[in-house]
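The sequence shown: position 40 = 40 (UniProt numbering), numbered continuously.
The set of hints was computed from the structure by calculation and includes no laboratory data.
Don't take every hint at face value.
Mimicking EDC-like on lysine to aspartate or glutamate, the simulated pairs with C-alpha atoms at most 20 Å apart in a straight line are [claimed, not checked]:
id : residue 1 : residue 2
1  : K193      : D216
2  : K2        : D77
3  : K193      : E169
4  : K193      : D150
5  : K193      : D219
6  : K2        : D51
7  : K2        : D166
8  : K2        : E169
9  : K193      : D244
The calculated label-pair distances, taken between Cβ atoms and stated as ranges, are [as the list claims (entries may be wrong)]:
id : residue 1 : residue 2 : range
10 : T12       : A100      : 32 to 38 Å
11 : M1        : D214      : 39 to 45 Å
12 : A190      : M1        : 35 to 41 Å
13 : A114      : E143      : 16 to 22 Å
14 : E259      : H148      : 33 to 39 Å
15 : H148      : S79       : 23 to 29 Å
16 : D51       : P95       : 38 to 44 Å
Just so you know, even glycine gets a beta-carbon here, dropped at the ideal spot from N, CA and C.
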Amino acid sequence: MKAVSSWSLHRTLGSYHSGSAAPADPEQFTPQASGLSLLDLPAALRRHGYDTVQLCHFHLPSRDPGYLAELRSALADASITLDALLVDDGDLVDPVAADAHQEWISGWIGDAVALGATRARVIAGRQSPTPDRLAESGRRLAELADRHPDIRIVTENWLDLTPGPDEVETILDAAGGRVGLLIDLGNWAAPDKYDWLGRIARRAETCHAKCHFDGDRPDRDDFAASIRVINQAGYAGPLALVYDGTEPGEWEALETVHEIAGAGR
1 MKAVSSWSLH RTLGSYHSGS AAPADPEQFT PQASGLSLLD LPAALRRHGY DTVQLCHFHL
61 PSRDPGYLAE LRSALADASI TLDALLVDDG DLVDPVAADA HQEWISGWIG DAVALGATRA
121 RVIAGRQSPT PDRLAESGRR LAELADRHPD IRIVTENWLD LTPGPDEVET ILDAAGGRVG
181 LLIDLGNWAA PDKYDWLGRI ARRAETCHAK CHFDGDRPDR DDFAASIRVI NQAGYAGPLA
241 LVYDGTEPGE WEALETVHEI AGAGR
């Protein structure tokens, strides 16, 4: 399996597309004039040896049912598995508008189902962790899972509500086993990073294999160590490659990430 996140190709795709931001969020993503059409991405992925992709929600230029069906067909024609739609906005523990955020996220999960995605990744929350917020996040994630039984809901060790493994595990426990985990290898930078990744890797079913770059130089040691840690913990799911560097050669950089990931395994 060779997997990638569309975030790694945001320059290739022409950067951000979707104008649909979460409730109470004034940010609107600005469409770009040029870039590879998302409908052409599956064939391009296949040419580069990929068979699995995760799509960021904001890369979809349209949520029209006809467009979603067309994109699903393009994925099928290229034999590309859509591992996850990444809902990269919303806050399930927003102190004022959590209900509205949950409804907005639910709409995107419906789009993920229409696309034939295996999973939809939902942000656990953007607020600092408290026992009540962790419980609320787990409850709302479970509600989303119950509302959308045809797709697996996963969350991620990302943003303010999940600064460490304790918070991740508390949320998953609060969801009562109805929600899974996408583990991101690059979101934690604390001295205990590897221990923390090892703690949650046993509960993870998909992964952002994120390798940090300084210019065109990958942090090989950190990335390989992260891969080894999750392997030792028994992780056996997809490794969706993430290139977050600034250099324009995204396909080439991803090959470097793939090579390091393979060596780590």
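Hint check:
Proposed proximity of K193 and D216 is contradicted: the alpha carbons are some 24 Å apart, above 20 Å. Using a Cα cut-off of 20 Å, the hinted pair K2 and D77 holds, with the two alpha carbons roughly 17 Å apart. Pair hint K193 plus E169 holds up; C-alpha atoms about 15 Å apart against a cutoff of 20 Å. With a C-alpha separation of about 34 Å, the suggested pair K193 and D150 falls outside the 20 Å cut-off, and the hint is violated.
Taking the CA atoms of K193 and D219, the gap is about 15 Å. The hint holds against a cut of 20 Å. For the proposed pair K2 and D51, the alpha carbon gap of about 6 Å is at most 20 Å, so the pair holds. Restraint check: the Cα-Cα separation between K2 and D166 comes to about 31 Å, which exceeds 20 Å; the hinted pair is violated. Among the hinted pairs, K2 with E169 is inconsistent with the structure: their alpha-carbon atoms are about 28 Å apart, more than 20 Å.
Taking the CA atoms of K193 and D244, the gap is near 19 Å; set against the 20 Å cutoff, the hint holds. Under the hint 32 to 38 Å, the C-beta atoms of T12 and A100, about 33 Å apart, fit the expected range. The beta-carbon spacing between M1 and D214, approximately 28 Å, falls outside the hinted interval of 39 to 45 Å. Separated by about 30 Å at the C-beta atoms, A190 and M1 break the suggested range of 35 to 41 Å.
Taking the beta carbon of each, A114 and E143 are about 20 Å apart, inside 16 to 22 Å as hinted. Checking the proposed 33 to 39 Å range against E259 and H148 shows it holds: the Cβ atoms sit about 37 Å from each other. A beta carbon spacing of about 25 Å between H148 and S79 agrees with the range 23 to 29 Å that was offered as a hint. As the Cβ distance of D51 to P95 is approximately 42 Å, the hint placing it in 38 to 44 Å holds.
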